[in-house]
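K.L.:
Residue numbers (the numbering used here), protein chains in the order written: chain A, -8 to 464; chain B, -8 to 464; chain C, -8 to 464.
Just so you know, the hints here were simulated from the structure itself, not pulled from any lab data. Everything hinted at is true.
Where chain B lies over chain C, by a calculated footprint (3+ residues, C-beta under 8 Å):
hint	segment
1	56 to 67
2	225 to 233
3	243 to 255
4	310 to 323
Footprint (simulated), chain A over chain C, 3 or more residues, beta carbon under 8 Å:
hint	segment
5	9 to 16
6	30 to 41
7	94 to 108
8	128 to 140
We put the CB at the ideal spot given by N, CA and C, even for glycine.
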Amino acid sequence: MGNCQVCCKNFWCHSKNTNVRISLPAVCFLWQIAMIILFGAFVRYNEESDAHWPDYKKEHNITSDSENDFYFRYASFQDVHVMIFVGFGFLMTFLKRYSFSAVGFNFLIAAFGIQWALLMQGWFHSLDPTDGFIKIGVENIINADFCVASCLIAFGACLGKTSPVQLMVMTLFGVTLFAVEEYIILELLHARDAGGSMTIHTFGGYFGLTISWILYRPNLHQSKRLHGSVYHSDVFAMIGTLFLWMFWPSFNSAIANHGDGQHRAAINTYLALAASVLTSYAISSLSANKGKLDMVHIQNATLAGGVALGTASEFMITPYGSLIVGFCCGILSTFGYLVLSPFMEKHLKIQDTCGIHNLHAMPGLLGGVVGAITAATASTSIYGSEGIYLNLWAAGIAVALAFGIVGGAIVGMILRLPLWGDPADDNCFDDEVYWELPEDEESIPPILEYKNHMDIKNPDACVSESNFSVDQS
Amino acid sequence: MGNCQVCCKNFWCHSKNTNVRISLPAVCFLWQIAMIILFGAFVRYNEESDAHWPDYKKEHNITSDSENDFYFRYASFQDVHVMIFVGFGFLMTFLKRYSFSAVGFNFLIAAFGIQWALLMQGWFHSLDPTDGFIKIGVENIINADFCVASCLIAFGACLGKTSPVQLMVMTLFGVTLFAVEEYIILELLHARDAGGSMTIHTFGGYFGLTISWILYRPNLHQSKRLHGSVYHSDVFAMIGTLFLWMFWPSFNSAIANHGDGQHRAAINTYLALAASVLTSYAISSLSANKGKLDMVHIQNATLAGGVALGTASEFMITPYGSLIVGFCCGILSTFGYLVLSPFMEKHLKIQDTCGIHNLHAMPGLLGGVVGAITAATASTSIYGSEGIYLNLWAAGIAVALAFGIVGGAIVGMILRLPLWGDPADDNCFDDEVYWELPEDEESIPPILEYKNHMDIKNPDACVSESNFSVDQS
Amino acid sequence: MGNCQVCCKNFWCHSKNTNVRISLPAVCFLWQIAMIILFGAFVRYNEESDAHWPDYKKEHNITSDSENDFYFRYASFQDVHVMIFVGFGFLMTFLKRYSFSAVGFNFLIAAFGIQWALLMQGWFHSLDPTDGFIKIGVENIINADFCVASCLIAFGACLGKTSPVQLMVMTLFGVTLFAVEEYIILELLHARDAGGSMTIHTFGGYFGLTISWILYRPNLHQSKRLHGSVYHSDVFAMIGTLFLWMFWPSFNSAIANHGDGQHRAAINTYLALAASVLTSYAISSLSANKGKLDMVHIQNATLAGGVALGTASEFMITPYGSLIVGFCCGILSTFGYLVLSPFMEKHLKIQDTCGIHNLHAMPGLLGGVVGAITAATASTSIYGSEGIYLNLWAAGIAVALAFGIVGGAIVGMILRLPLWGDPADDNCFDDEVYWELPEDEESIPPILEYKNHMDIKNPDACVSESNFSVDQS
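Could you put the whole structure together from the sequences, leaning on the hints where they help?
P.N.:
Written out as structure tokens, the structure reads:
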């Protein structure tokens, strides 16, 4: 019956069919064709990206091309774009043998999600009533990147446990739910949320956590051998962390108001993030033997200040207010990794691979509250001639939560259908399942695998080859 | 006669002299001194980077510094700069033991090439007739980066098989040829090609392929042991892929017209790239056992949409038009890696290390055609008050092709001269040849090398030491 | 008494207490709280980031939000931000087992330093006399990043030999000293130094070198086994190098004058850096057997042109002048690595881990001189309507040097206090000391450690276990 030297390659190890040779190409092709058709039917350039811009300028007495929104937002857009593809992608490369999937699936679902988001958000926000077309410009592509961020957050909770087809399905529904909850929060409740504490982080966080709860794997410990980092994978993850951290001021200011709005949002976020770093390091060191720092905290909790200023960064929260928010969130988020994540896994059956509860869900909730308080204490005298109308914040947070939880439950049920080629419990966190891997002198030596295999699954199986049986997990 | 435990280190393995201790410093010093002299004789600041700008503003009734071209293009320039040095450099780190050379030679030839390009392009495009000086500003340094991109594309075909001196020579001629063909296409034929589908990708692609054909190595299989990736080298390569992918909208919009031109070019490229990703993943999965994805496709074919929109991105190609182009190019490019590259290596004797035929040459050609069709279907009514005069597109594509193939043949012949210190056939893809390598616990174990050596070269040589003889390859 | 298979883990190896579990959290918490209080007392938004900007626009007849300084400098700020966190951070990952600390401590001290810098620089430069508040905007956060750069340069000299608490203390004093010397040079001496050749690089360089001299470790050779790179750590370091190299034009232009000033600074820096690359490669190749390149030179000396144009880049130094500066600095810096660093370590007792003398101190000094010469040869006729008043350059350089050396001596003495948890001489360059490391199949095999341990420290100790004694180093 063959030998057992290298786990995960022999047919008796896994009962699940992880072949995506039909489903993945089908989903990619059909949905991309659908995008083309829908874009053909609905999407056109807006007046600032259309060749009639020179006429538009004349009609509106605009004297300079520098008034085109492109020049107010494009640099920020590129920063956000880096956060989505390199930031989120590399942040998730920390697992020792899941870097291809982390970067690669992130790439795939973001590339699909931004197209679907342009349509969904376009129908809700950018529909030109005169001709029924969605008119797109630089702000739309920023918002599409934002929308996709919520799905990538959810991906973080499911990392290592889902097939690319599942992730595509999750993104399809995630983007759709996002567009609706965003419409309710921004347009119906008239809340402002330029950096998406509520719309992106709270929604995305609870969406992912609920899916992860529905997809709970009681025997995930069987993949324990791959559920950790190696030295270089942690360094790769720091690339993601730093690009997220550095460009977060652009994230929170990208669609803020021109002028002081964008300016202030960038400064506030810059400060909150700096404070998060210090308190994350403090708690990480305080919690460990000899004060040794833990890369998980450094890679994640340092970012919490940016999440928590998603709503309030464009407001007059003051520089020290931003520092206070960052201070608290660094502590909160690191405590989350130390205390809440193990608790949730053990008692709530939520396996949150990247700890998105600590980095996105909690700080996102807090960010909504901070935004509400900041807005409530603001008055026309502080905001100068641009009074900002704010109300129903609690409702906004509730909507984001509800969409995340209810939507996540429904999508989680769909993802449990035995159609999507997801890996077995003893086969998670492994690029081998969906990628052609190079023959690699650095790979985990067979002898180690062998030992793990024995320890975890079939302690006796390897002793005598005749003992092997199909192990249904 | 010594032992054979570690290949590539013993004197009998290689007949070629790879010592570049005289030639490389000589080329670097002399050419850099030449650059200084030529810049001294010819290059000055243009009116927007010169200290007389305040006077210029007054004379031309410019009221704001924000009208300085710097603010329209500098953010895009920096994105392009990242593509050239990190994008191209890291994309080529995928080989297991050629990362130093990939990043390092890319760095060297780009740093030389941008200087020579400023001169060559300056003489053709930016010569001030009043004083005979080349006047440079931000658009010139963007164009210099563009010009160098064509040489880095050609580098991709030769990766692992050339010495740094050869690459410098290739860049010297490549930049010269580029400047001439660009002048013919843009100035004489009046084609527009803001993102360089024809001038950069078609020319650079066929230039590199022809050189690679001239430098064909029949015994390259002797370096097979190093002609592949390892796990972490593929992750490094994804850094290159993603920075190219993310910043390609800046590449195609950097020198487009102010206002709607840049705005539209960025949006179109964003969309085409997203579509490329989905079809690349689809074909990659479809072509492999169990639907497993291949990193080569993900690293490269996902970028094809950006190449193919190089000409048309600033036109009114429409959002769905961009998606269609990206859709087709992702398929085309992945098929190229699956079918054409092996075919070309076997039957046409073109060893294309990075598959530039699939990523640059073919999509570049297609991009020229797409540009021609888009321009032909455009009319003044669509383009508003700025009608664009376009003709002789087929001639433009032909010029790019001719310069690539004829120029590549001539340059290839020059590079065959036995002067340049290139490696032997059994010594390719190896940083050891041109770099001081760290003693490394991660290196390929001698035993493995030993086995490969036996398999590939002298099956009997290692059995008995007395059998060794100088192996001239 | 246990065995000696893995060095650095048994209690008898090191006499020093590297436990930072109290000190690191205490410093982070207390200083962050101090920042919040001081920001609360002193820091507010300036007129361009405050919600009264619309009123300000009206009062000053500003017609467009594009006149907000944010849009002149924010893209450059983000580039500088990347240099500080990814550039400096990853440049220092070259050591085989110090990547966590390189990136992680860089992150920590920069995040603290920028806050303290906003205060210190604010008191000197941005204090609003009408209400006593520091008013901050985008230029302040750029300057804060600049200020921190000087401390990160100093970190480079101490890399691997200091605890995070020491680095925090060093940053506290470094930022303070920087703010004072910057005030003297820019405000009292009226020198200009937009890219900080004097204020940042000369000061930071000599500050770090003096600290390193005070902290001299006679037995550092005991950590020799970790004092080098491995293949992938050198590739990681190239990420740092390239982001520094690519974005240096933004560094030198970020706070230059609007319009031609920023434009020219970017072009000059672009050119000087390109020339540095060629001469660095030339000298590196010339100095080695068979012309093999050395990664240390490529990672560092290629950047020297940017340092040396820190002062002069905004002046009318001319394009060929920039090339000449880059040409010389590439040579100078590479020679420094080849000749001066070994000399300084042997004879001056300065252990300069990253060679900051060659990359920052010397080119910084040269940059001050270049700036002085350029300014002196300038005249109103060249500078058009904006004559620049420059004097007392020699005094400026002297101030930077004096603050670096005297300040470094004082701070070095403080850092020698036995309070800070720094590692023992045989325990340097090791992430193990301050980080929870993943169990790692790539780690240096115990057998190698064992051998090193024997070679270096107690040749006999491991032969018989009964021989072990506490080894006080």
